[in-house]
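Undergrad: The primary structure of each chain is shown beneath.
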Amino acid sequence: MKIEYNFAFFDEGSKREIRRATLKAIAIPGYQVPFASREMPIARGWGTGGLQLTLSLVGKEDVIKVIDQGSDESVNAVNIKKLITATTGINVTEAMEEATIIQSRHRIPEVPLREGQILVLQVPLPEPLRYYEPSEYETKKLHGEKEYSGVWLMLFEQIMSYGNMSTGADHPVMVHDRYVMAPSPIPRFDNPRLNCSKALILFGAGREKKVYAVPPHTGVISLAFEDFPFQTESFRNKSCRLCGAKGVYLDEIEDQATGKTIYQCNDTSFCMSRLNGKI
Amino acid sequence: MKDFEQPVLRVSHLNKQYGKGCASCRDAGGMVLNKNFCPVCATVYACRDITFEVYAGEILGVVGESGSGKSTLMQCLYFDQKVSGGEAYISSYKSGRENIFTESSQQKRYIRNRMMGKVYQNPVLGLKMDFSSIGNIAEKLIAAGNRNVREMEARGKELLEHVNIPVYRIKEAPRNFSGGMQQRVQIAKALSNNPPLLLLDEVTTGLDLSVQASVLDLIKQIQRRLKISVLIVSHDLGVIRMLADRTIVILDGRIVEQGLTDQILEDPQHGYTQQLVQSLLV
Ligand SMILES: Nc1ncnc2c1ncn2[C@@H]1O[C@H](COP(=O)(O)OP(=O)(O)OP(=O)(O)O)[C@@H](O)[C@H]1O
Ligand SMILES: [Mg+2]
Ligand SMILES: [Zn+2]
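Protein chains in written order, with UniProt numbering: chain U, 1 to 279; chain R, 1 to 282.
The hints are simulated quantities; they were obtained by calculation from the structure and are not laboratory data.
Please note that the accuracy of each hint is not assured.
Only pairs whose alpha carbons sit at most 30 Å apart, straight line, appear in this in silico DSS-like list of lysine-lysine [to be verified]:
no.: 1; chain 1: R; residue 1: LYS227; chain 2: U; residue 2: LYS140
no.: 2; chain 1: R; residue 1: LYS220; chain 2: U; residue 2: LYS146
no.: 3; chain 1: U; residue 1: LYS146; chain 2: R; residue 2: LYS94
no.: 4; chain 1: R; residue 1: LYS82; chain 2: R; residue 2: LYS20
no.: 5; chain 1: R; residue 1: LYS108; chain 2: U; residue 2: LYS140
no.: 6; chain 1: R; residue 1: LYS108; chain 2: R; residue 2: LYS157
no.: 7; chain 1: R; residue 1: LYS171; chain 2: U; residue 2: LYS146
no.: 8; chain 1: R; residue 1: LYS82; chain 2: U; residue 2: LYS141
no.: 9; chain 1: U; residue 1: LYS278; chain 2: U; residue 2: LYS15
Okay, chain R solo, but in the shape it has when bound:
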């Protein structure tokens, strides 16, 4: 059935490099690279020819080791970084016909504020640490054009309650919160405009195991209830196993394997994936 459906997000041949590249790395098709790094000119090829789709209501996992380009991919999709090449289409934006990477920065803001929510690996990047938690939620609603305080306050309360921030703490700044609470505020913020697409970058990294479990549980619940599409990135295959319907494995900026999560876990094809799965079992 899915083949007939338009994907919520379609990414094709996304490239992102840090640095200009040189003759030896540009032409050799990656032969001279040390992993994703050109030893001659020090260019980092963080994402290379990344192509994939996210369908309505699915959770797509992206797994890969540290430095493999996961955060860079998310940053490109959320316009935090400019891509070096490639295209992306969002079904809810201009019927999925316009490459969002080449839109004006005002249009990009529009897409970001209304069609996406993102949880950053580092909460400092996703939250205004010195503003109130409810203000952090309102920020995204304001950016999407809301000018009604009571409405935004009600929405913020509802969302913060939903992610288990006690009502009496919603006016506190995230700076005062634990790491797990900060991630939950980020989740609430990301959900505030009912975006069709949620981007989660290492939401649970650095949290205690029990806190990790509760955050993952929350994501699962939210996704089921809102039927929203989720792109979740983690270096931890355990997290991906728990959440993702389908999984992409990336290594040195390239997709090396993709498929149903169960399949990948049961029958990993690529050597790197086999290692990953192996490490999960021990």
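For reference, chain U alone in the conformation it holds in the complex:
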């Protein structure tokens, strides 16, 4: 039996409701807006938050790119693309230039976002204060009062344990000098790229039923102490072994044969484009 889905899987009322939450999120940069997260044919925690945002936004003219940790071809990205094309019939692409909506997990693509694009990031844990304060009621109050000692304390604890801010991914940011926000598990390398972005950036957490946003041209500052400045992962003097790119986020891979560490672009379609001479 073939099930007839509405365009973009959800009925129009559901999409409208998600868009309403999204609009509120855009109006209050960095603020987590609750929304009625829906059941999906993909398990929660596999990008259903991002997917719901994408499905609520997508129109017949859109071209979509989906990546997972820098790869357009991972199982997860492919599954999401399948669902989107099956329910909308729109085109998918790997090229940043062509995409109008980019859904991503754990990365901001290397090719700079441009005006008019929307980046949808999948979020596992939207609340930057959660580890410090388990109660949602309390964290809401703390956000309301701009009381972020708890986030700073977590950074302080990291420095005490590891000698530096080792957050790796998901380093907390201050948005528009008002709300502290979890940027989702993107590497610190990508944090500065949230700042004054030309594109709208949306964050969707399916399990936690939250959406939040960084509208275009919004100030996003990574939190740091006076004596422990924010630092991105450094790939100084390293370049991609395939395309030779420098100043991009590189994966470290151990060469099985030589036992040496080799470096390679994390963003595979970016790397391919360079190899094909497209960028």
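Using the hints, position chain R with the ligands against chain U.
TA: Chain R with the ligands alone, transformed into the frame defined by chain U:
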């Protein structure tokens, strides 16, 4: 001399009730109450018309039996609980002219983080048990606006050393510590911002006698050195006798007697105080 001095803390007509009250308990002026409890509507009148002052550099003791409203009083002063009525003024905040109970919650946080330190009866309420001990100290410094790690680390070390937590254990979580050590971490945390006022709620309750003595000794030392004002609450008159210059006796949420500690011990006026003193002597 003290009469001319502005008190560090002035509390006037503080009331705190748990419950809405009903016609029979509200109007009868406490006549229908069973101790502090209304048998009709189950409202608890935990603090009733509490008025007192704490002066610079003094230790004021509050003694009373279990359930008399001591912790509630401390919670109200530290904004852990909303008061039902009354006022309080802190000399270092807006020159002591603004009732701190009616300030915004952001202002209350400001007062709490910069002008007060508190040690809770239950350390779970005063500490993040799973964060490091030094992190617990830093929390209060961060809340007061500090953003310098090395500075906070140095301050935390100094304070923890001061309360006899060995340097090699400062990165451990209070969860791993004994009750006495947890109370000492709380004391260090409470002192971190050099607050003019320290609130101590049953700091030694539940500790071994020898540990009790060392914690009390520490408080005495700190108070002498820093000349800070202390409000200390205990159901144990022995603790109060050891530390407090002046003492307030509360019963069922009301102050029944106050004066110099020595005087109260030598010549207790209220029947309840007489009982308390009596029990101390046997
Ligand atoms: N959150 C609450 N809700 C309802 N009643 C409360 C609450 N907290 C305290 N009470 C009541 O208020 C009264 C005063 O309690 P409080 O904890 O202040 O007493 P205490 O003097 O500190 O006692 P103890 O010496 O046992 O610590 C008690 O009758 C208590 O049951
Ligand atoms: Mg108590
Ligand atoms: Zn009543």
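Undergrad: Please go over all the hints and tell whether each is borne out by the structure.
TA: Hint check:
Restraint check for LYS227 (chain R) and LYS140 (chain U): the C-alpha separation of about 38 Å exceeds 30 Å, so the hint is violated. A hinted pair counts as satisfied when its Cα atoms are at most 30 Å apart, and LYS220 (chain R) with LYS146 (chain U) does not qualify at roughly 37 Å. A distance of roughly 22 Å separates the Cα atoms of LYS146 (chain U) and LYS94 (chain R); the hinted pair therefore holds under the 30 Å criterion. Taking the CA atoms of LYS82 (chain R) and LYS20 (chain R), the gap is about 14 Å. The hint holds against a cut of 30 Å.
For the given pair, LYS108 (chain R) sits about 17 Å from LYS140 (chain U) by alpha-carbon distance, which is consistent with the 30 Å threshold. Of the pairs offered as hints, the one joining LYS108 (chain R) and LYS157 (chain R) holds, with about 28 Å between alpha carbons and a cut-off of 30 Å not exceeded. Between LYS171 (chain R) and LYS146 (chain U) the CA atoms are separated by roughly 28 Å; this keeps the pair inside 30 Å, and the hint holds. With a C-alpha separation of about 16 Å, the suggested pair LYS82 (chain R) and LYS141 (chain U) falls inside the 30 Å cut-off, and the hint holds.
Proposed proximity of LYS278 (chain U) and LYS15 (chain U) is contradicted: the alpha carbons are some 36 Å apart, above 30 Å.
Consistency with the previously given hints fails for numbers 1, 2 and 9, ordered from lowest to highest.
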